[in-house]
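K.L.:
Can you make the complete structure from the sequences, with help from the hints?
In our numbering, the protein residues as written are -9 to 290.
Treat the hints with care, since some could be wrong.
What the hints assert, rightly or not - Think about it this way: if two alpha-carbon atoms lie no more than 20 angstroms apart in a straight line, the pair counts; the simulated EDC-like pairs of lysine to aspartate or glutamate are: (1) Lys218 <-> Asp273; (2) Lys223 <-> Asp184; (3) Lys107 <-> Asp287; (4) Lys250 <-> Asp287; (5) Lys165 <-> Asp100; (6) Lys250 <-> Glu183; (7) Lys30 <-> Glu3; (8) Lys157 <-> Glu139.
Calculated directly from the structure, the hints in this document are not laboratory data.
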Amino acid sequence: MDYSIINKYLAGEASEAEVKDLFSWIDSSPENREEFIQYKKIWVLTSKPEAHQEINWNPEFVNSGKSGNVRRLATYTKYAAAVVIILGLGMLLQYVAGPKNSPTYAYLSDTQIEVPKGQMSSVILPDGTKVQLNSGSKLVYASGFNSGERTVNLEGEAFFNVAKDKKHSFIIKTKSLDFKVYGTSFNVQAYPEDNEVNTTLVEGSLGVVGKTGDEIARLVPGENANFKEENKKLVVSNVDLELYTSWKEGMVTFRNEKLKDIARKIERWYNVQIVINNPKLADELYMGTIMKNKPIDQLL
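P.N.:
Put into C-alpha cells, the structure is as follows:
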C-alpha cells in the first residue's frame, strides 16, 4: 500500500478512487486492517512543527511485524495531528453489488467531519473548496453537494477558500447566521458555547444572511461581522485580519481579551479544563501571541 494515500485519506484529501483502493487493501486481510489502525494511531499522535516538513516515524512507536512498513518517510499536510471522523452517512463509501462481482460505490445522505479538541484538520470538499477546521469543530454537508447544492453546516471555527462557481452559490449555515458566497476566502467562528458568531472576510465578497433568509450585511475584505446572541445585534467593523486567521499557522494573537475567553480557547486546543478561581482575574484583559504547538505547561 502506498502510504501517501493513507495520509491523504486521514487528512480528508483522498479521491474516490484512492479511498476505494484503500478500503480494498484494508479488507483484504486482518493484518492489513491492524497495520492501518497502528498507522492511524501514530499519525494522530504525531504533530508537525513546521509546514511542509518531512518527518520519520520513530520505530519505538511502531509494533514489530508487518506494521514495520510504517517506518517509511511520510509527507504530511499542514495539520498532521488532525483527526477527521467521516461517519457512515456520507463520503464513507460503501460497496454496491454490480455485474460480475464488479463493485461500485455510492454516496449516502450526509457527510459529517468532526475535529476533536486539541486537533486541527484540512479538508477539500467535492467542489474543490478548501476548508481548515479548528479544534472542536464539526462540518456537515449533504449528498446533494455534488449536484450543485453547495450548502454546509458549521459548528466551531473554520477558514474557507471557496471554489468559484457563478451558477451555484456557496452557503454556510451556523446556529445564528448564514453566509452566502460565490468565491472568496474568509473565517467563521461559531462555537455553540460562545453565544456569538464572528466572521472575517479576507478576500472577495460575503453576504451575511439572517435566519429569515434576508441579507443583512455585505462584507468587504478586512471587515469583521460580530453577532451576539444576548442582544441579537450585528456589528460590522474593520479589523486586523491576523487576529482572526493566525490560528491556521499555529499562532493565535490576542488584543485586550478577557482571560476567561482565552482560557476557553486553550481548553479546545489542548482538550483540558481550566478553572479560574478568582472572578476578578477571569475578567483581566491580556494581549500577546500564543504558539499552539507549545506544551501547555509552557503556555500557562
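K.L.:
Hint by hint, note whether the structure agrees.
P.N.:
Here is how each hint holds up against the structure:
Our distance criterion of 20 angstroms between C-alpha atoms is met by Lys218 and Asp273, whose separation comes to about 18 angstroms. For the suggested pair Lys223 and Asp184, the alpha carbons sit about 15 angstroms apart, so the restraint of at most 20 angstroms is met. As the CA atoms of Lys107 and Asp287 are separated by approximately 17 angstroms, the hinted pair is consistent with the 20 angstroms bound. A hinted pair counts as satisfied when its Cα atoms are at most 20 angstroms apart, and Lys250 with Asp287 qualifies at roughly 17 angstroms.
Under the criterion of a C-alpha separation no larger than 20 angstroms, the hint pairing Lys165 with Asp100 is consistent with the structure, at around 18 angstroms. Distance check on the hinted pair: Lys250 and Glu183 sit about 13 angstroms apart at the alpha-carbon level, within 20 angstroms; holds. Taking the CA atoms of Lys30 and Glu3, the gap is about 15 angstroms. The hint holds against a cut of 20 angstroms. Proposed proximity of Lys157 and Glu139 is supported: the alpha carbons are some 10 angstroms apart, at most 20 angstroms.
Checked against the numbered hints given earlier, the structure satisfies every one of them.
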